[in-house]
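J.: Protein sequences appear in the order of chains A and B.
12 is the number of the first residue of the first sequence in the working numbering; add one for each residue after it.
50 is the number of the first residue of the second sequence in the working numbering; add one for each residue after it.
Just so you know, the hints here were simulated from the structure itself, not pulled from any lab data.
Do not rely on the hints blindly, as some may be mistaken.
Using 20 Å as the maximum straight-line C-alpha spacing, the simulated DMTMM-like pairs for lysine to aspartate or glutamate come out as follows [stated by the list, open to error]: (1) B:K54 x A:E428; (2) B:K54 x A:D89; (3) B:K54 x A:D371; (4) B:K71 x A:E439; (5) A:K405 x B:D117; (6) A:K354 x B:E110; (7) A:K440 x B:D152; (8) B:K144 x A:E439; (9) A:K405 x B:E60; (10) A:K383 x B:D105; (11) A:K449 x B:D152.
If you want the footprint, here are the derived chain B segments under chain A, 3+ residues with CB under 8 Å [said to hold, decoys possible]: (12) 76-84; (13) 118-129; (14) 136-142; (15) 149-163.
Pairwise CB distance ranges (calculated) [unchecked claim]: (16) B:F61 x A:S374: 44 to 54 Å; (17) B:Y114 x A:I435: 25 to 35 Å; (18) A:P387 x B:N124: 19 to 29 Å.
Everything numeric in this text was worked out from a predicted model, so none of it was measured.
Built from N, CA and C at the ideal position, the CB exists for glycine as well.
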Amino acid sequence: MDMKVAKKLGLKERYALMTRDLAWDTTYQPMDKVFPQTTYEGIKIHDWDKWEDPFRLTMDAYWKYQSEKERKLYAILDGFNQNNGHLSVTDARYINVLKLFLGSTPPLELMAARGFSMMGRQMNGAGPRVACQMQAVDEYRHFQTQIHSISNYNKYYNGMDEFAHQQSRMWYLSDGKSFFDDAITAGPFEFMVAIGFAFEYVLTNILFVPFISGAAYNGDMAAMTVGFSAQSDEARHMTLGLECIKFMLEQDPDNLPIVQRWIDKWTWRGTRKLASVGMMMDYMLPKRIMSFKEAWEMYVEENGGALFKDLARYGITIPKCFGQTIEEKEHVTHQSWIGFYMKPQATPFHTWIPTPDEMDWLSEKYPNTFDKYYRPVLEHLDAQEKAGNRFDNKTAPMNCQVCVSTMKFNEPGDPMEMCFRESIYQGEKFHTCSDHCKEIFDNEPEKYIQTFISSHQVLQGNCEPDGTDVNAADFKPGQNMLDYWKLDKRALGDFNGSDDQKNFAAWREQATKN
Amino acid sequence: MTMLKTLAPYEFKSRDAVENYKGRQLLYVNWERHRMFSRPFVLALPPETPFSVIIDQYMTECFSYHPDWKQIDWNTVVWQNGNTPFTPDRNKSLKDNGIGHKDLIRFRTPGLDGIAGTGY
């Protein structure tokens, strides 16, 4: 008797069976009641089957690829840790990059995981649902691997262990938290534009590439490997974000103005978020890879510009804020560093004044602005520190109601003047840092009047350590911020004279001498 | 007109409404062209607070770190509440000076433009 051997499934058939074929239309309840989120934003979808799956990945293949990557990653992390890899970084100032970047990013990865899990439930097309679920797993993986990467450093250096507690409390983490909170409380299509497109496609390169190559340049193989392992997922994420944009625009002409407004909004919100990443490149990496200005030109102006040219055939125009971001690229990193430098008692990482040769590098990279606006004040502050009078601005900040950055940006066209915008809503004043943030506020004031501004919350008595009696006669709000933030006192202050500086020097000496 | 779209009624109070400050109000202060301080600072004070307290206590505590502070000629200082020019009376309260919740006081010191005239 002849055996009938079933033909092996082709990739396309396998993919169809294991993704789209698993979906069904509901019958006990109408589909629009099961998936109400896909219509209320005003986006019109006529045919979900027109969704082109940007990567035909099934779950079994996904597990296989990712587990291979995990094995390599953890082998390198183990090797790095066992060989005291932390002593091979350029100098101990570099560790502060990890405190800032890996202290703020994992909670945001976790929010992205939550967001894409929600998208996996809310989208009623099988194609995007599967893609969103895989991206959710990716984001969760990034969250974990980043924490594993800092855990070894945490054994030796101060200020890394309370990042989860600090995420919703620290003043300078508010901008990232607000970015993701805003996205996740929007509808599914706006979330996809916010995270899938503006963040992943337009801005991730400037977030990851400088960080990864910065880590590599400064001898941190652990963070570099984590970065590369995540970056290979980013290519998929970018494709998903772009596919979603194209899908919306192809489905109905009425979608164009909505999508354009979201692109304008989220490109700007992402730009504001990246000011502190730029500061890391220009001020915190002992060995610099490129200036923030150069990175902005390469990744945003050139690559982003080409992307928007490509989208022009759908009617999409370059984001409104593009011109302002080009002007600001010469200023934001310097303005951010001064903002952090003056708060030595309020961050779990150290700050410092650049050395003379580092200032020369900044002059060379920023010929139009550094010597004219920023060098004199940095030299003044350096002299003050050396005279035992280090800058410590003890006041609490004013923040933008939308991006929650401190109000530290200049008026467009005049770097000596501060930029302030205000709106009145229901008789109350709301301050924003720019025309773009003001427009975002004015479009949806009901949302942004709820913004959590930590300095305001302190003054309302809402930021006290457990056990504080806020009704006591002598209660004064904000007297115990270090306890409320769980800030390790050893992690405060200037880098000069810090435990990290002394320990690193002593351990390296031990490792390299008899 | 709002562009907010929601699935259900959406009404929330402002998180910084004046009633949340138990008889006090927010005030922001910025010294123009002295960006060494990075951003304005914020205070919560009773509206009865004399304006002199803002200058003599809070502004002095913060801004006296700057070498320009000692050189200010207070007769020439130019004041704004938000974008509106005004002349505060030192001896009057915030309220009597027309300063309300979340107002931003900006002051300019002509001739003093920060370290080496950079605006910092």
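J.: Taking each numbered hint in turn, which are not upheld by the structure, reported in ascending numerical order?
T.: Those not satisfied are hints 1, 2, 3, 9, 10, 13 and 14.
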